[in-house]
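Line by line, the protein sequences are chains C, V and A.
So in the working numbering, spot 159 of the first sequence is number 159, and the numbers just go up one at a time.
Offset between the second sequence (1-based) and the working numbering: plus 364.
Offset between the third sequence (1-based) and the working numbering: plus 661.
Hints in this document: simulated from the structure, not taken from any laboratory.
Each residue gets a CB set at the ideal place from its N, CA and C atoms; glycine is no exception.
Take the hints with a grain of salt, since some may be wrong.
[Unchecked claim] Here are the in silico distance ranges between beta carbons for each label pair:
1. A:K781 x C:I44: 41 to 49 Å
2. V:L603 x C:L132: 24 to 32 Å
3. C:L37 x A:K1069: 43 to 51 Å
4. C:F203 x V:L646: 50 to 58 Å
5. A:S1055 x C:P113: 55 to 63 Å
Take a look at the letters that make up each chain.
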Amino acid sequence: MSSNRWLATGNYFTSYREEQRIFFTSLDRAVMGFFLLCLFVWPIFIDVDNKYMLVIDNILVAVIAVMGLNLVTGFAGLISIGHAAFVGIGAYTIASFSRVLGESHVLLTHAWPVMIIISGMVGAVFGAIVGLPALRLKHLYLAIATLSFQMIFQWTINFMDFFNQGQTISVGRVAWLTGTVSRDQHYIFWYYAILVFIVLTGFSVRNLLRTRYGRCLVAVRDNDRAADAMGMHPGFTKVYAFALAGFLAGVAGALNAYIYRGVGVESFTLHASITYLAMAIVGGLGTLHGSFWGPAAIKVLDLQVEKLAEWSATFLPANMNLATALKPLSFGLVIVLFLMFEPRGIANWWRIFRSYVKLWPFRY
Amino acid sequence: MSYFFQLVVSGIVVGSIYALSALGFVLIYKSSRVLNIAHGQIIAVGAFITYALTVWANIPIFISLVFSMGITFFLAMSVERVFLRRLIGEPIISVIMVTIGLMSILDGLVYLTPFGSENFSFPEFLPTTPIGFGGVSISWTQMVGVIITIIMIAAFSWFFKKSTVGISMRAVSDDQLASMSIGISVPKVFGLAWAMAGLSAAAAGSIIGNITGLNFETLHAFGIVVFPVVILGGLDSILGAVVAGIIMGLIQQFASGYLDGNWGLNGTGGVAPYIILLVILLFKPHGLFGIHEIERV
Amino acid sequence: MKKNRKIFLTMLFSAVFLVALSAPAFAGNVYKMGLSLAITGPTSDAGNPYAKGVEDYFRLVNETKILGDDTIECTIRDDQYNNDVTKRNYEDFMSQGIVFYLNYSTGSTMALKKDFEEEKMPVIPASFHAGNLIDSNYIFLPIASYSAQAIGLAEYIVKNNKKGVPKVALFIHPSAFGRGPVEDVQKAVAAGLKMEIIEVVEHGKDLDNTAMLKRLMSKGVQYVISQTVQSPVATMLQDAGRLGLVATSFGEPGKITFVGCHYTGGNDLTALAGASAENFYWTTSYIVTNEPSAGATAQLALAKRYGRDDKAANSHNYANGMMVAQVATEVVRRAKAKGKPVTKETLYQELLAMNGNNSFSPGTTVGPVTYSATDKAGVDTLQLYVAKGGVFKSIGKPFIPEYTSKIK
């Protein structure tokens, strides 16, 4: 019996190749295509405040960064507490160009896609360098080594005059086919730009995981000695996991620089690193679509808590502390509750939901 | 030359306070393989409790220090019971993240109190004239801090060497399954390890609070500041924490004493420990005194 | 059943409709403003009372009808010292149509500078960083910049030094906030201020400053100018106190006189350093509440009216927030008095016109607030205070630093 091209009625895989397909049925492909189309056209029909557009842009940038973190921490199992530093390196690559060439140099404003790729590459180089200790260090010691990198990064930026001692280095407005992107188009423009990057990186990461390089990552995570025995090179794999993570982080950093039209060290502190980790965990470590759920969940939570705090301030005027204490409290609670009750993250809910839909209405 | 000796003495003083702060990490890691990133927050909470008891309840400071150590003892124990008991056997990243989450939760709780955004200082209870010899001087506060550190570390060392509970804790850190089979309650040992870490945190917090004044940001940052110390010493060695604490104290003092202000450098005291840490880790991946894990496929 | 529900729904809708209609009908105009600052997180010890000051004063404005029937609606948001959140808040305020924006940290003010320029939004930040004013037309500092404060202190040192050229060290925060004034003080020295800068010390999270202080002593430093936050100053003062280095009178030979800018002093310092804060010299443009003045009475009355504790009521950051709100209210009042519509453009014009006879004395500061197209720092006068017996007491008359204009 052959498989139905439109509906999954069971597993009919006869080869590994078949099992590794991205889309099992044409319906899957069509749904994905429709979803992508929706992502591109919805802003035409729905008008969104700048604030929320900024939040959406932020989420998308975080998605790229978390994808990188997921590669290194989720798939390769190397804990990185310095991811924000890699994002910062991407952003400061743009900032360096801005410092040397002037903030509105043609390279920065017109060739911005190239700039973003370059930032990614610089990020990758630093990723590989920081990945070197991973050849010798493991687990917690490695985590602390990445933390050291985070501290050294912050100190360097804070110290060097070239980086304006951590104060904002501004980046000019970019140009597009229609001319300079103006203030009211800014966020929507970058929404599209980031979306393109996400689709590209998303598919590349998805495909990477189907290749032997991707399987290498997982094998090294599960047991690097066993992987070694099977002929993989754990050292190389670890370094290149860091390099890949660095690349994605660098791209995210460059996008961040363009969205905020400036780079300041305060966006790339230890707290940001921790937030990226929290996003990866809440989304689901070691899953690709977890990288999408996590940032969305954390940022939306942040917004909602802010609203709740504001609402509570209407009847608790003197107790501002109560309202503002909610933010760290809820952030911490979400992390802890997820780890305690749903360690596989939101991605697991999605999996449960999918299998429910697949079998509906004929459940066992 | 007296400048050099001053740096050495200050380094040792600061280092022993680092060692006391690092002790909490080590105690927890030793028995349960958890790196408690929220330790800085517990340090701050300990300091605040001591302050509240001393100033608001008018209890003499040493007695309130003891009370505060008792309170953080139970606080840390309940933290372990509520948050970490469920995570035994989970991957390392989950355990790290749960303590990071804990950090945020404690932050939120502290912001509910006046300590979150106000400054306080302990009343003076020691002579303000320094102890000086040969051009080198340290304050009474620091001296008392060092003495408390020595007492606590000696007490813990004795506890682990001689007492039955201490020996059972060492057994758990050595081999959980084996110790379970001879009738040691592993969860209880974990709880006790946390409780003792809480106790040491209250002592560390009160000492630091006496030196810097009580500011939440400054106090909880200590959790991060002593990280290099913990790692350098090897996560599971009390002796390592002491040695590494003093080394880091010296490095910091020498960096800010000799590097700052020369060659256009500044603020090197903050970053030097991390650089040294990275270099040392390259040669000794398990720190100076950490136990090599033997991995099998 | 169905009919009942219909009636219920109609009543509900009409009630909502009525409320929605009547709310604007009773009140006058509502002018929206926004404030984004760190109520929690880093620097919250300053941000918290600041937020209370702003909130209380605007409530007072609305309740006592200072603007007639019109009210000011100022949304206060916590950004936890995170620039990205500040930007988000600002975008939100913009969509709400604010006419005046209050900001907080140096970092976010610098990061948003471009946005303020493009949207022509008048802004008063809580950061007195001189760099805020570079390439900027819409940022107004409430009081003299950190640079002016540091230069003012330097001038005071030069004037009151007993003999010889005073040797000075700068003790600064390891960030642009701390480093900002260094260059300007150096410029002032180059422009003829007779003083020698021996060393610039950037502090870390130090538990012990003995070595640093001994080094300064051996280099013959007589004065230390601090530009940082209270906590490191407190640690340094405690160490200096037990080493017996603190001068009991200004410029006492063989000792070090410690002086500092706005964010190093005040009640927060005495709270942190206790008795060690004694004889610390501090400059700011705000009044202190332990010395009777109209401003102090107003400040304490405001805090009492809204049930603030003593600590907040006496904080100079409460005065800071209150003063900023006073300035914002004043420009609205002036624009209204001239019959102009209250928009960001008219408020900007009113701010620029706030000089000469039009200068504004809020009472919470030691001098009048003056702004013009060339002078974007509000209160130019500074007052020197010294900690005696746990409170800061004023010394001499308010003064205006001379070298700030000379180094431009």
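Do the hints match the structure? See the list:
| no. | hint | result |
| --- | --- | --- |
| 1 | A:K781 x C:I44: 41 to 49 Å | violated (30 Å) |
| 2 | V:L603 x C:L132: 24 to 32 Å | holds (30 Å) |
| 3 | C:L37 x A:K1069: 43 to 51 Å | violated (58 Å) |
| 4 | C:F203 x V:L646: 50 to 58 Å | violated (37 Å) |
| 5 | A:S1055 x C:P113: 55 to 63 Å | holds (60 Å) |
Checked against the numbered hints above, the structure violates hints 1, 3 and 4; every other hint is satisfied.
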